[in-house]
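Engineer: Residue-level listing of the chains:
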Amino acid sequence: MTASTGPDTPITPLGITSATWLVADREIRMRLRSKAFLISTAILVLAVLASVVIGGIMSRNTELPQVAAVGAAIEVAEQTGALDVTVAESGEEAEQLVRDGEVEAAIVPADSPTGIQILALDEAPLTVVQFLSVSPEVVLLEETEGPDGFLIYLVSLGFGIVFLMSALTFGMAIAQSVVEEKQTRIVEILLATVSVRALLAGKVIGNSILALGQIVIIIGAAGIGMLASGQDILLADVGPSLVWFVVFFMFGFVLLASLFAAAAALVSRQEDMGVTTTPIMYLVMIPYFLVIFFNDNPLVLGIMSYVPFSAPVGMPMRIFLGWAEWWEPLLSLGILIASTLLIIGVGSRIYENGLLRMGARVKLKEALKG
Amino acid sequence: MLELDSVSRSFGERRVLHDVSFTVARGRMTGFVGGNGAGKTTTMRVMMGVLAPDSGRVTLDGSPISTQARTRFGYMPEERGLYPKMKVAEQITYLGRLHGLSTERAKANTDALLERLGLGERSGDTVESLSLGNQQRAQIAAALVHEPEVLILDEPFSGLDPLAVEVVLGVLKDHAAKGAPVLFSSHQLDIVERLCDDLVVIADGTIRASGSREGLREQHSGNRHELQVAGDLGWLRDEPGVEVLEFDGGYAVFDCDSQETTQRVLRSAIAAGPVLAFTPKHPSLSQIFKEVIQ
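Sequences listed follow chains A and B, in order. According to my numbering, the first sequence is numbered sequentially starting from 1. According to my numbering, the second sequence is numbered sequentially starting from 371.
Heads up, a few of these hints could be off.
Dumping the calculated BS3-like pairs for lysine-lysine here, alpha-carbon to alpha-carbon at most 30 Å [to be verified]: (1) B:Lys457 <-> B:Lys543; (2) B:Lys477 <-> A:Lys35; (3) B:Lys457 <-> B:Lys477; (4) B:Lys543 <-> B:Lys477; (5) B:Lys455 <-> A:Lys35; (6) B:Lys477 <-> B:Lys455; (7) B:Lys660 <-> B:Lys543; (8) A:Lys35 <-> B:Lys457; (9) B:Lys543 <-> B:Lys651.
Honestly, the hints are just simulated from the structure, not real lab data.
From just these sequences and the hints, can you work out the full model?
Structural biologist: Written out as C-alpha cells, the structure is:
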C-alpha cells in the first residue's frame, strides 16, 4: 500500500473544483453508457453525412446532359463545355443512340442557319437547346450576392434542427438527472458532502461537454461530407457560420441547462417534470420555427440574433447570409454571456431552494424567496 | 462528543423541534427513539447540515461543525437513496471519492465493505436489480466508505434480516470502538434495547429522556421485584406497602413502597419456606418509552 492510500493518511475534503469535475465526470460516464444516446447520436451523424454526400452526388449527376454528335456537329457540341458528348460515326448511329435511350439527344450537321439539327425522342431537350443557343447578354442592375434560396432553406433547417435536438436531448438529460437525485433522495447524501453549487455546476458542465462534443462531431461530419463529395465551395460559404454556431451554442446551452436544472428541482417525481420544463421547451422550439419560416426576413433574423435564447441560431444564420457586420456577433455574444451569467445566478438559487423540498411541486415564488 | 444545544426548527407554522438538547458520546452507540413524526429525521438532518436550525447549535467537541468537518460524517438518510442505474461498487466508490478519498483508497474500502456486508458478489450489479434488503446493505456501505469519524444513521436496521442486523451491528461497533460517536434511530425498541449504550427518547419535538441505557432503566425501575417460592404466596397480598401485579401460586411480581418493605417481604418468604428466586425487575425499554412519552 502506498503512502497516499494508507489507512492513516488524513482524508481532506474535496475542493469545489474537484467536486465539480467528479460530478461532471459521472454525468458524462452515465450518459455515454446509455445505448439509446449512442445510437441516436450515430443516427444523427449518419443522417447529416448522408444528406450532404447524396446532395452533392445528385447535383453533380444532373450537370452534364449526354448527347451524341456527328461530324461537324461534334465541335459545336464540345464548344459549349456543358454537354457530355458521345461521338457517333453516322447520323443513323446517332439516331439509334437516342432511340435506345443511351443519350438525351443527338446533334447532327444540317443545312439550317445554325448548321446543326437536334434529334430527340418525344420532347424538346430544353437544357441541350439552351446550351446550343446564342443568348443575349444580361446585365443585372442590382447585384445580389450570397447563396440561393434553396441553400438558405437547407442551412436554416440544419441550424434549427441541430440546435433543437441537442438542446432538448441534453437539457432533458439534466432535468432527469436532477429529478432522479431528488426522487431517490441521494441528494441528501450528496448535499452532506458537496456544495449545491458544485453539484449544479458539475451537471451543467458535464452535459455541456457532451452537447458540444455531439455538435462538433455533427458539424465535422458535415464538413468532411462536403469535402469528400467535392463541395469545397459550399464549405467555404458555410464554414464561418458553423464556427460561430459552435461558439454561440456553447453559451446558449449553458443558459438553457441552468433553466432545465432549476425547473427540475421544483418537482420530486419524473411524472411531474413536464409541468415545469414545458415553458423552457418552448424557449427552445420557438427559435427553431422562426429560423425556418423567416430565414430570408432581415428584421426577424436581426431580432433573433440578439435575443439570448435564439441568438445561437439567428446570428450564425445572418453571418451565413452575409447580413451581419463584423462587430455584430461579438456584441450578441456579449449579451448572451451576460444573460447566461444572470440566469445561472437565478437558476442556482431556485435549484438550491427546491432541492430538499420533497413532495408537492414547489412554487416558483417560494423557490426564489428561499 | 457530538452535542445539540437548544435546537429548534419549524416548517411554516408547525414546530417540529423544540429546544432539543442531547449529547452523543465518543465510542458509544446511542439509540435515538421516538414515534412517527416525533422529530427524529429532522434532528438528524439538522445534525448533518442538510437542514439549518431556526435557533440553537450543533457542536463537535465543543466547536461548531464546519462544512469540511461534516464531510467526515457518515450519513444514512431515512429515505434510502442511491443511483438506481449505477453499479453498486461503482457508486460507492464515487461517493467515497466525493468525500475526498483517492480513487484507489475508495475502491479498496468499497471492496472491503461490500465483502463484509455480504454483497461482494453483487458489486457489479446495478442497484435497482438488488433486493430491498441488499439495497439496504449497499446504503450502509455508502455511509461508511469514507471512514467517517461520526456516524448518523436513520433507521439503519429496518428491512434487514437478523443475520444482516448482526453484521451491520458489528461494523457499527467497530466504528464506535475507534472512538466515533454513533447515533442511530429506530422504532424497533427491542433492537435498540439490545444494541445501544446510551439512549435518547424524543416525542413531539422535545427530548423526554436521555442517558445511559442502564441508568434510564434504574431510574424508571422503581422498586419492582419478582419472587418464586416452593410454597404458596397467598400471604403476599396482605402485606402492607406491597402491590401485587402478577400472581400465580408460588410466583409473583410486586411493587414495594420502600426498601424496608422489600427486605421484610424477603424475610417473610424465607421464613415460610425455600425461596427459589428473588430478583429486581427492570422495566423493558418499551415500558420506559411508554412512560416517558406520556
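Engineer: Does each hint hold? Answer for all of them.
Structural biologist: Results of checking the hints against the structure:
| no. | hint | verdict |
| --- | --- | --- |
| 1 | B:Lys457 <-> B:Lys543 | 28 Å, holds |
| 2 | B:Lys477 <-> A:Lys35 | 26 Å, holds |
| 3 | B:Lys457 <-> B:Lys477 | 13 Å, holds |
| 4 | B:Lys543 <-> B:Lys477 | 23 Å, holds |
| 5 | B:Lys455 <-> A:Lys35 | 13 Å, holds |
| 6 | B:Lys477 <-> B:Lys455 | 19 Å, holds |
| 7 | B:Lys660 <-> B:Lys543 | 28 Å, holds |
| 8 | A:Lys35 <-> B:Lys457 | 16 Å, holds |
| 9 | B:Lys543 <-> B:Lys651 | 28 Å, holds |
Violated hints for the displayed structure: none, as all numbered hints are satisfied.
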